[in-house]
Structures are given as structure tokens and as C-alpha cells.
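Kindly produce the complete structure, drawing on both the sequences and the hints.
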Amino acid sequence: MSTPQGNALQGLRVVEFTDEIGSYCGRLLADLGADVIKVEPPDGGRQRHSPPFFQAAGAGPDTSLAFWVHNTSKKSVVLDLETPRGQDLARKLVLTADVLLEDHPVGYMAAHGLGFETLRVNKPALVYASITGFGQTGPHSGFAYSDIVGQAMGGLMTLAGEAADPPNKIYGKQSDVSASIQAAQGILLAVLSAEATGRGQLVDVSAQEAVQLSQETAMQTWDLQKKNRVRTGESGAIPLRLPGVGVYACKDGHVMCFVIAPAGKDFPALVDWMREKGLAADLDDEPYAGICNALNFGFLTRLMGEPEKLQTVIPALAHINDVLAAFFASMTATEAYEEGQRRTLLNGIVSSPRDLGENKQLRARHWFRELDFDYLGKTLEFPGAPYRLSETPVAISRPPKLGEHTDSVLAELA
Amino acid sequence: MTALPLEGLRVADFSWFGAGPIGAQLLATFGAEVVRVESESKIDSLRVAHPFAMNKDGTFKTGYNVSGYFNNFNAGKLSMQLNLNTERGQEVGYRLIEKSDIFITNFTPRVIDKWNLRYEQLAKVNPRLIAAYAPMQGLEGPHRDFLGFGAVLTPVTGISYMSGFPNRPPFGVGTNYPDYVINPGHTITAVLAALRYRNRTGKGQMIELPQVESVVNALGTAVADYLANGNVQMRGGNRSATASPHGAFRCADDPTSVNSPDRWVAIACRSDAEWRSLCAALGAAEAGADVRFATLEARKTNEDALEALLSGWLRDRRAEDVMALLQAGGIASGVVQNAQDILDKDEHMKAREYYWYLDHPETGRSAYDGPPMRLSETPGQLRAPAPLLGQHTLDVCDRILGLSGDEIADLLAEGVLI
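Top to bottom, those sequences are chains A and B.
Heads up, the first sequence is in the working numbering, so the first residue is 1 and it goes up one at a time.
Heads up, the second sequence is in the working numbering, so the first residue is 1 and it goes up one at a time.
Any given hint could turn out to be false.
Chain B is faced by these chain A residues, among others (derived, beta-carbon under 10 angstroms) [said to hold, decoys possible]:
(1) Gly33
(2) Leu65
(3) Gln87
(4) Ala190
(5) Glu195
(6) Gln201
(7) Val211
(8) Ile349
(9) Leu413
(10) Ala414
Label-pair distances were calculated between CB atoms; the ranges are [to be verified]:
(11) A:Asp80 with B:Thr256: 46 to 54 angstroms
(12) B:Lys124 with A:Arg199: 34 to 42 angstroms
(13) B:Pro142 with A:Gly113: 54 to 62 angstroms
(14) A:Ala196 with B:Ser271: 40 to 48 angstroms
(15) A:Gly6 with B:Lys124: 17 to 25 angstroms
(16) A:Ala326 with B:Arg239: 32 to 40 angstroms
(17) B:Ala308 with A:Ala411: 16 to 24 angstroms
(18) B:Glu87 with A:Arg241: 26 to 34 angstroms
(19) A:Leu410 with B:Arg239: 37 to 45 angstroms
Every beta carbon over 10 angstroms from chain A, so not counted as near; a handful from chain B, in silico [said to hold, decoys possible]:
(20) Arg10
(21) Glu33
(22) Gln90
(23) Phe107
(24) Pro109
(25) Arg196
(26) Glu286
(27) Glu377
(28) Ile400
(29) Leu403
(30) Ile408
(31) Ala409
(32) Ile418
To be clear, the hints were calculated from the coordinates, so they are not data collected in a lab.
These figures come from a predicted structure and were not determined experimentally.
Don't be surprised by glycine CBs; every beta carbon is placed ideally from N, CA and C.
This is the structure in C-alpha cells:
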């Protein structure tokens, strides 16, 4: 292949047979400069028909934002794997590649002449990555999978939401995304090995396993203490409503505070701010002033160890919290975030998609990209990359139309 | 067996908490020698965070080496104590960096400046270095010095707003979610790509991963929808636009599920045929013919009634039985599992031996997450449990840095190796 220049994965060819679980993996490789060819069925997969669509153009396989966000910088080739010709062309295509990436149910690829054992005979250096809900082996390897099932079986959902509600899934197909991210690392590890030794291998990723680390401490809490972590909703890790900890409504949104954490200034700095705006109410009077001055992790720990003392203090804590809530309700979420941080108070805006689109930091760093959607006659703003590399900056190009490169890629093969 | 992919490489792990160390741990698992630089003068908070191992009498073990939170992110690493607040400490740090291939940090830009760990400075002593920086907001920009904690990352990046039920405030997802897969995973993806580039060109480089940018990139369609359509999506609970029923449904309580007796099953029914199959599996075939639910559009229109109906069918059944029944009918469904389920009851996880049980000198025998990807020829190895604080200080000084006995004694006396 040509001399590497400007792209970290220059010269690496990936042929992917993915739909929802594995497409983000291909995107990560493509945006880093790999030549990623997505083989798609004639109608496109499920993701191509998933909303939301680009509204100005209406619904269709080339206007799905769900497809776009996981398929930038790739080529698209339509092949019907149910036909001998389709399988034959797919095989020829894979034999020009360094990596095969797929997320079909276990056994599908082998049944269509595209199994690892078949292909490695002619391509011993081939890296073959399979991403599925539960992995290639084991009693559940044949299970039907969807993102919510991965989040459920993987232990994430049980930790999210109010106890009184059903467990929550995390937005954004996080089981699929986690599987893709683990697979990208696995593929690159295998590529490094193959480039050094000439030997390829299988990379088996189970979405259920991919999310395990995201249980944070639940696994260890069971293993070491035989207790299950449970979802606690708004109270979070702290078992009582403390002023300066948690979500507060603002005029136009919410802000999340964690002033008690051992980072930044403590509650008195927050009261200073409230006082400056004339909204400190009676917090400078006792018993509130004393409590405000003492509010930190040590105070909380002592209180938790003295239940009687705790009972006497709870009404005061509730009052302080009411005053604080009224304070935040008087301003916008952006103001609460930026001014709070300027005053070295630990808080964060609960960003809506609009807040993210207008986020001053993201804008100042030119994080958003302009992608040329020539076939729509538009240049569209698009989210940027997860990282910035100094020698080999990430270049993002628009996702491919269905079958856009079938002719050119097949011509190359002939 | 073929050598592990990263054998012969060395990582200077100047990170702490979650995102940095998890990334570095993956490199250790696949063959690199990873040196964690730590200091008792500013201990990694995870070393003193729950859950702690327990003594037989039910009390918690104490000290810096008994936290399951810390241990799980630091298997197979060496630990060296080094006080970077001293000039001599920074010199020693540079010596390590000089002899490393990869440098990882998630320290704040202020600390990086204070400790002279900027890329330009490191590249001078080691031009082939691949240096990964993962600050919360960025190494530059108007929010560069904003305080960051995992707790704040989830709301700032949009995860909180977009997750959960619409009638609830956006309080988050129960954990510092981005720390564990998204941020370390993206970091290591970039590091590995940079390694390949270095193999081909001899050049190192800097990788900057502002955690906010990393997460928003993986936030589904929410931001793209705003940018392209001006549409501000709202959190939608557990429902889906393309599948119905889709959500978590309550099953029979299980008192053996410790402090978590309420049991749920997640179901994603993705076609009309699957809906009919679901009805048949649950002994409610007539519902499969009900026009109110016959098509996706109809099910979405009548989703409240649909969910109430389904809940009624499931409330007295064991979640495990429902999963088995529906999976037999080809429908994606799974128990909402907790850690007890995953470690003790999930036959599939056991068969795949995902969890590794390692013996640690102070924590005792405990479970560690295994590698989250399985390579057939060069499988990842957890070669040792997490290190004790400073367990390898002398070994690193001697074997890796080539310091003499006298030099090491001086450093100890000067309080540099603490």
C-alpha cells in the first residue's frame, strides 16, 4: 500500500458486515484513516431505516441520522449474501482486506461462506472481529439481542433510575456503543500483532461483557461484601437530601451540584454568591449559618454516625435547600454553570442537545465539523471526534449513500 | 503461543481515578509493562473508597490496599511512589517517561503545567513518545479550568438530560458512566492507532481526549438531530421509536436477590411477527390478533395500554422464566441482572469465565473484570492483582531507571519516593 501520511490507520483496509451493534466500531477505524468498506444488503439494514431522519429530505436509507452518527468516512457496497454471486464477491473483497468486522448472529457468516476458518486459509494474517450480544461461545450465544437487553443483562439498568420506577436504560444505545469501542481496541491489538507476525486471529466481543466495567462498584460490592448496589434515583450515593448536592431546576433547565465533594470551594462560597444577589434569605442567621459553614464530607459522615443529631438537623437542612432551590430557579442553567464554576464551585449544567450545540467550550475548540452532504445539496454541522491526534488528525467525511461505491469497489476487484 | 501484542512496550501511567487507569490496565493486560506513578502526598481517592474487603468478623479492612474500586482498574501494574511536587521527583518522572513508549494522564491542565508534564516538554526527552491527555474539558478553551468530577461529566455531556423517564428530573444514571468504557476505550483506540503509525514512521505524537468531546461523540443522535434538524430530543424512558413493546417489565419478586428483591425483564419486540410470537409464548395468542396492537404504528399509538397488558402477564412469573420463554420464541429479552446474578447465577458468564479471581496480599481473593475483548491467538492476561501502594518503587528505580543504591537512598531520604 502507499506510504503512510497524515492518517494513523493509513493503508489498513476493513470490510465490515455490520448493522446496529458494530457500525460504530467501523466508524472509529474509518475516521482514523482506515479504508472501511461497508457491505450492505440491497435494502440496507435496520439502522438505515431508523429515525430520526434529516427532516428537509424526508425518511429514507440515505437520510437516517441513526445511520449517519455511526457510519462516517466509510464506503458502501451492496451485495446480496443470499446469492452465490454475492457471497463470491464478498469473499474476494475480504481477501483484499486486513480486517473483517461483522455483527451477525453466531453462525451466519460461516453459513454464507464467510467464516473465519474458511477465509484464513487464503489470508493467514486476517483479523476477524465478531461483535454479538453474548459472544461466540456459551449457553446464551444464540440469544436474540437488542441494546436494552445488553444493558439489562450487563448490570447497567439495575443501577439507573428511581427505586419506584422501572430500571432505566441509558440513552444512545450504550450497549452497542460499548461493544463497538471494545471491538475497536481488540481489532487494533490484533492488527499490531498481525503486522508483526503475519498471523491473524479472531476477536470475539460480547456486548454483555463489554459493559461489565460500567457497573462501577456493583461487582466488587457483591464480591467483597455480598450486597447488591441498587438504584437510588435522585438521592444518588448520599442517603439524605443535602443542600448543594443533586439536581436543581433553573429558569430554563437544570444544573447538577456536588459542592460537598473534596474539590473546589465549600458551601460558604455558595452562600456568598447568594448573598451578593440578595437571595441568601435567612441563611446568615442561626442555626443555618453554623450548618452552612460546616457542610462538607466530614460533617456528613459524622451526622450519619449520630442518628439523633441527624434528626434535629434535618429541618434546617431542608430549609437551606429550599433557599438554594429558589436561588437557582432565579437564573438560567448556563449562568448557574458558568458563574458557579467561575467561583470554583463544583457544578455542571444538565446539558440539553441545544446546550451542547451552543456549549462555549466545544465551540471555542472548533469541535463541530462541517460535512458536505453533496447529494442533499447541503453542508451540515456534525458532532466531532472523540480525540485530537497531533500528527494524524482525525478527518471525518460524510457517511456513504447505500451502495454508493458498489461499482467502483467491484471494478477494482475485477 | 504468539507473544502478546504489546510485549516489550512500557507505559508511564500518570493517571488516577477511573478513565486513565482503566485504559492503562488494558495495555497491561495485552502485554505492556505499566508503571503507575502514585504518591501518598495525594493519594488516588479510589484507594480509600468503598467497597472495602471485609474481615471475617464483619468489620472492614483498612489501609490503601483493600479497595475493590481501585483494585479492579489496576491489575497487572507496577506501582511506584513518586512525589511530583519536588524538582527531584519530576526529574525521576522524566527518567521514567524517557524509557517509556506511552504516557497516560487525566490530570487537570493546571496540574500538568505545575508538574511540567506538557507534551512539548515530554517530547524533548522522548520524541517517540505517544502521550495521551484526558482532561475533563480540554487543555485549552474557556472552560479549561472548570472543576470536574465524574459526577459532573454525566450531566454536562447530555447523558442525564437524555436518560430516564420524562416525568422525572434529569438526575443521571446512577454511576459516573463515561469513566468506565467510553473514555478509556476511546483513549486506547487512539493510542493503538498512534502505535501503528509510529511503527510505520518512527514518530510519536500527542493525543488529547477532552472527556466532554469523547462522550458527546457517543451520545447517539441527540446532538446531530439538533444540528441538522433544530430538534431538541427529550428523554423517552425505555421506549423505542422502532420497537414495541420495548422496556423493562416487573416480574415476581425474588427474596434470594439480596437487598434487591424486585425483578424485571427487558424486552425488545422488533417486528409484528415477534409480537405475535411473544403473545403465543405467554399464552395470550388472542392479543396477537388484536388490531390495537397488530402493527408497530398501532402498538406505538396504544403503548400505554400495551404495556399495562404485558405487565399483567408478567407480574407473577419469574424473570428468568420469561427470558427463557421469549428467547425460545426468538425475541430479544433479558433479565435486568444485578451483580449477584452476574457473578453467581449467570450460567453464560460462568461458562465464558469472564471474571478472574486473583489473590491479593491484603484484599484477599477477589474478582476482577477480565479483558472485554477476546483474542484467539494472543489472549489478554491479568498477570497479577492490583499493586500495593509503592510496591515496586525500588524495583522500578533499580531495574528500569538504572539508579544506583546510593541514588535511591538519597531519594528516599529526601522524601521524593513517597
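Results of checking the hints against the structure:
1. Evaluation of the Gly33 (chain A) hint against chain B yields a held restraint, the C-beta minimum of about 8 angstroms falling below 10 angstroms.
2. With its C-beta approaching chain B no nearer than about 4 angstroms, Leu65 (chain A) sits inside the 10 angstroms limit, and its interface hint holds.
3. For Gln87 (chain A), the interface hint is violated, the least distance from its beta-carbon to any beta-carbon of chain B being 24 angstroms, above 10 angstroms.
4. Interface hint status for Ala190 (chain A): upheld, as the beta-carbon distance to the closest one in chain B is roughly 6 angstroms, under 10 angstroms.
5. Contact between Glu195 (chain A) and chain B, as hinted, is supported at the beta carbon level, the nearest pair being about 7 angstroms apart and thus within 10 angstroms.
6. At its closest, the beta carbon of Gln201 (chain A) sits 4 angstroms from a beta carbon of chain B; the interface hint therefore holds under the 10 angstroms criterion.
7. Residue-level restraint check for Val211 (chain A) holds (minimum Cβ-Cβ distance to chain B is 7 angstroms; threshold 10 angstroms).
8. Interface hint at Ile349 (chain A): satisfied, since its Cβ lies 6 angstroms from the closest Cβ of chain B, which is below the 10 angstroms cut-off.
9. For Leu413 (chain A), the interface hint is violated, the least distance from its beta-carbon to any beta-carbon of chain B being 26 angstroms, above 10 angstroms.
10. For Ala414 (chain A), the interface hint is violated, since its Cβ never comes within 10 angstroms of a Cβ in chain B; the closest pair sits about 29 angstroms apart.
11. For the pair Asp80 (chain A) and Thr256 (chain B), the supplied restraint of 46 to 54 angstroms holds, since their beta-carbon distance comes to about 50 angstroms.
12. Between Lys124 (chain B) and Arg199 (chain A) the beta carbon distance is about 37 angstroms. The supplied range of 34 to 42 angstroms therefore holds.
13. Distance hint check for Pro142 (chain B) and Gly113 (chain A): the Cβ-Cβ separation is about 55 angstroms, which falls inside the suggested range of 54 to 62 angstroms.
14. One distance hint, 40 to 48 angstroms for the beta-carbon pair Ala196 (chain A) and Ser271 (chain B), holds here, with the actual separation near 45 angstroms.
15. In this structure the supplied range 17 to 25 angstroms holds for Gly6 (chain A) paired with Lys124 (chain B), their Cβ-Cβ distance being about 24 angstroms.
16. The hint said 32 to 40 angstroms for the Cβ distance between Ala326 (chain A) and Arg239 (chain B), and at roughly 34 angstroms that hint holds.
17. Checking the proposed 16 to 24 angstroms range against Ala308 (chain B) and Ala411 (chain A) shows it is violated: the Cβ atoms sit about 56 angstroms from each other.
18. Checking the proposed 26 to 34 angstroms range against Glu87 (chain B) and Arg241 (chain A) shows it is violated: the Cβ atoms sit about 47 angstroms from each other.
19. Checked against the hint of 37 to 45 angstroms, the pair Leu410 (chain A) and Arg239 (chain B) passes, with Cβ atoms roughly 41 angstroms apart.
20. With a closest Cβ-Cβ approach of about 15 angstroms to chain A, Arg10 (chain B) is found to remain outside the 10 angstroms limit, as its non-interface label requires.
21. Residue placement check: Glu33 (chain B) keeps its beta carbon more than 10 angstroms from all beta carbons of chain A (closest about 16 angstroms).
22. Every Cβ of chain A is farther than 10 angstroms from the Cβ of Gln90 (chain B); the closest lies at roughly 23 angstroms, confirming the non-interface assignment.
23. Phe107 (chain B), annotated as away from the interface, keeps every beta carbon of chain A farther than 10 angstroms; the closest lies near 13 angstroms.
24. Every C-beta of chain A lies more than 10 angstroms from that of Pro109 (chain B), the closest at about 12 angstroms, which supports listing it as non-interface.
25. Some Cβ of chain A comes within 10 angstroms of the Cβ of Arg196 (chain B); the nearest lies about 6 angstroms off, and the non-interface call is violated.
26. Chain A leaves Glu286 (chain B) outside its interface by the beta-carbon criterion, the shortest separation being 24 angstroms against a cut-off of 10 angstroms.
27. A Cβ of chain A approaches the Cβ of Glu377 (chain B) within 10 angstroms, the least distance being about 4 angstroms, so the stated non-interface status is violated.
28. Listed as outside the interface, Ile400 (chain B) is consistent with that label: its C-beta sits roughly 23 angstroms from the nearest C-beta of chain A, beyond the 10 angstroms cut-off.
29. Against the 10 angstroms criterion, Leu403 (chain B) stays outside the reach of chain A, whose nearest CB is about 31 angstroms from its own CB.
30. Non-interface status of Ile408 (chain B) relative to chain A is upheld: no Cβ of that chain comes within 10 angstroms, the nearest being about 33 angstroms off.
31. Listed as outside the interface, Ala409 (chain B) is consistent with that label: its C-beta sits roughly 35 angstroms from the nearest C-beta of chain A, beyond the 10 angstroms cut-off.
32. Even its closest Cβ contact with chain A, about 20 angstroms, leaves Ile418 (chain B) beyond 10 angstroms, as expected for a residue assigned away from the interface.
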